Amino acid sequence: MPEQARVHLGANADWVALTTAGVWAASARPDMVQRIDPRTNRVDARVPLPGTACAGLATGFGSLWVPVCGLRPAIVRIDLARARIQAVLPLEAVVAESGIAIGGDSLWAPLDGTGRLARLDPETGRVRAMVAVARGTFNPLYADGMIWATSGARRSIAMIDPAVGRTMGAMHVGPQPRFLASGFGALWALNQGDGTVDRIDLRTRRRIATIPARSRGRGGDIAAGEGYVWTTVAGTPLTAIDPATNTVVRQWTGPGGDSLRVGFGSVWLTDLKRGDLVRLSVPALLAPAPIAAKSAAPARSPRR
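Read in order, the letters of the sequence shown correspond to residues 1 to 304 in the working numbering.
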């Protein structure tokens, strides 16, 4: 993959969030979040954490929200303007490889895999309500005025109305859906069980396509932006899907990857095991592949 920049963050790098001012990424050893200036591709702020960031980052209410695991699970609130911790909100449990959502006036966080989604006051961390969801629900996302949450155990995505705080229905999707993205008038679900991506129309709230993205495995991530839907998973660090045709237009195999976000004309992809954040130019990624000379040795080229 043609790299614009590579920034070393720590022993491991995972979870990314974008704001208008920069790109935030989490690291382990050291346990912190770091902000990268997209103009210079350099770290311009570091915020130590009271634990390891173990779930997806979220932004809202002028803050970055970081779920941390360990002996004292919590959600850490970081002031985006000052790049410093505002509050540490203790939580009963933080589910690793999950996420949190910001919708309406609340934070939404799964507490375990038994079917509890907590609605939290962003100022105090107090649980305002507990919403009953399907067993195995781990990842909520706010989109089109609703909270959407995947259940791998039920092969479903629940739809929760944040105004009333209850589930309004669910739709069946592929095996082991985990991570979600929204964009191009749709909700996109990465199914870890078979590596497909399901497209759900946000207007009709129906699944309208299943894309064989060959992105199967634990972990991974999905994001929408810069004209495409992108997935990452170990062994297949990056896949680009064209939402106009619901087809994979480019795919890379090999080491690297695990989480990603898209913005500033680039894909921001973590290389989990090397502890790096990699910046990849979207135009360069999708440029026509060069034709190899006949005498050249076979190369691990992008799939098309």
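Hints in this document: simulated from the structure, not taken from any laboratory.
Incorrect hints may have been included.
[As the list claims (entries may be wrong)] Only pairs whose alpha carbons sit at most 20 Å apart, straight line, appear in this in silico SDA-like list of lysine to any residue:
hint : residue 1 : residue 2
1    : 273       : 1
2    : 273       : 289
3    : 273       : 254
4    : 273       : 32
5    : 273       : 234
6    : 273       : 88
7    : 273       : 217
8    : 273       : 216
9    : 273       : 39
No experiment lies behind these values; they were computed from the predicted model shown.
Hint numbers not upheld by this structure, sorted from lowest to highest: 2, 6 and 9
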